[in-house]
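Enquirer: Please build the complete structure, drawing on both the sequences and the hints.
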Amino acid sequence: MSTETRDNAMPILGRATWVRYQVLATLCLAAAIAYTGRSCLGVSAAVVRAELGLSLAQMATAMSAFFWGYALWQIPAGLLGQRIGPRRALSLYATLWSLCCLAFTLTSGFWSLIVVQTIFGMAQAGIFPCSAAILATWLPTSRRALASGLLGSFMSLGGALGSFLTGLAISGFAWKGLEIAPISWQSVFILFALPGLLWAVCFGYWFRDDPRSHRSVNSAELSCIGDKQEVRSTATPDCIGWIMMLLRLDIWMLFSQQFFRAAGYIFFATWFPTFLKETRGVSTAMSGALTALPLLAVVVGGMCGGAWIDFLYNRTGSLRISRQLPPIFSLASCGACIFLAYFINGAISAVVLISWGIFLAQLGGPSAYVVMIDKAGPNTAPLFGAMNMAGNLGAAICPSVVGWLVALSDNWNLVLFLFAGIYLAASLCWIFLDPRGTFTEEMPRPIDGGVT
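With the numbering used here as the guide, the letters of the sequence shown map in order to residues 1 to 452.
These are computed hints drawn from the structure, not numbers from a lab. Some hints could be false.
Cβ pair distances, simulated, as ranges [to be verified]: (1) Tyr21 <-> Thr105: 32 to 40 angstroms; (2) Tyr21 <-> Ala57: 45 to 53 angstroms; (3) Ser409 <-> Gly53: 22 to 30 angstroms; (4) Gly226 <-> Asp410: 54 to 62 angstroms; (5) Tyr21 <-> Ser55: 42 to 50 angstroms; (6) Arg15 <-> Ile344: 49 to 57 angstroms; (7) Gly346 <-> Ser55: 24 to 32 angstroms; (8) Val115 <-> Ser55: 13 to 21 angstroms; (9) Glu278 <-> Trp111: 25 to 33 angstroms; (10) Phe417 <-> Arg215: 50 to 58 angstroms.
Because the structure is a prediction, the values reported are computed rather than measured. From the three backbone atoms N, C-alpha and C, an ideal C-beta is built for every residue, glycine too.
Expert: Structural data, given as structure tokens:
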């Protein structure tokens, strides 16, 4: 049997190892763990408000505080990840957000909750910029959409699991003689802190930023990856280069669609349980369970969407067909489903229709991640951080807008019209977003007049 030899003289078999997929699985696990803790406050909002003596407006501000910290720290977190490497950066971030989960047990009022929420958001800000940089280094172009879809799906899987478990934990559970007593919301945060600490230790020990430095990666796997580390190590643009990039229409359309998509998504991680209780009269436990449905729809939609986008790219070779068309149609369809849910009174029926819309929206969701990775090149971490910052500005503003809308109108159902419009606006952004080329070069134009 023929073998190849690496620099360390160890024999390598011709079959590619699977470390790149283990890396992807590890990143997906991190996203799930992070979002498990992030969703806890939304489900327990009524209990927290009563215990800390907060008004509805104060609770809305506290929910928004996480996303202000998360949004404004995106670019610094991405730059830090680029400077010290994703391995050290992600290990640091996971440790910090887990400690913040523990710090929730020390909150005693409005301002302490604001401080912990803000630092919690800052600690989680580096997850996706660093993960995107890892995907750009560890995966070839033809597999990035599925990987991006899986990353987003596990993010929502963690949110769904966190919502479901939080609802059960603070309400208690009884079924066929099995009875579990309710626990405090502080205890829930303690339980959600432990997995992040364990992940940080394991990831820091096992992962390597460069696939060539990982002792379990063989030459065949490096060939599958593409071995583009030399390209990725090129210098970042100077001040003029950054200014020129930030004047491009395509980068602003990416930022804008992320703003609207994140604003739409965050409704389900914050006010959706309260919306269901106020408009459909469900219990806290039922609101947590029903909130899990649209979040699970994101999980399935992201997986299906990533596979669909990669299939379209591998089949057609067209960036417009594979990257641009899916989000245009899927986001518009989501807006239509949410609009129609306004006219449905039943809680389960309305949530099923909304969840179907969210599934459709997520079919095009991976396009945002993969287009940024494709176009950003060696600057993936900071530019992805900038895009995520735009998204989380939308997420930070959205809970307050919902609170103001309800306070002014005294009608929770109007919120559905707001979010139908938000998803339609995200769809419109993709009409003007050309996925071809990079942010540092001119767009390629088809020689024969065809679509590329």
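Enquirer: Each hint should be assessed against the structure and marked as holding or not.
Expert: Each hint, compared with the structure:
For the hinted restraint 32 to 40 angstroms between tyrosine 21 and threonine 105, the CB-CB distance of approximately 37 angstroms keeps it satisfied. Judged by the Cβ atoms, the range 45 to 53 angstroms given for tyrosine 21 and alanine 57 holds: they are separated by roughly 46 angstroms. Judged by the Cβ atoms, the range 22 to 30 angstroms given for serine 409 and glycine 53 holds: they are separated by roughly 25 angstroms. Glycine 226 and aspartate 410 have their C-beta atoms about 57 angstroms apart, which keeps the hinted 54 to 62 angstroms range intact.
A beta carbon spacing of about 48 angstroms between tyrosine 21 and serine 55 agrees with the range 42 to 50 angstroms that was offered as a hint. Between arginine 15 and isoleucine 344 the C-beta distance comes to about 53 angstroms, which sits within the given range of 49 to 57 angstroms. The given range of 24 to 32 angstroms is respected by glycine 346 and serine 55, whose C-beta atoms sit roughly 31 angstroms from each other. Taking 13 to 21 angstroms as the suggested C-beta distance range, the pair valine 115 and serine 55 conforms, at roughly 18 angstroms.
Under the hint 25 to 33 angstroms, the C-beta atoms of glutamate 278 and tryptophan 111, about 27 angstroms apart, fit the expected range. Take phenylalanine 417 and arginine 215: their Cβ atoms lie about 56 angstroms apart, and the range 50 to 58 angstroms holds.
Hint compliance for this structure: every hint is met.
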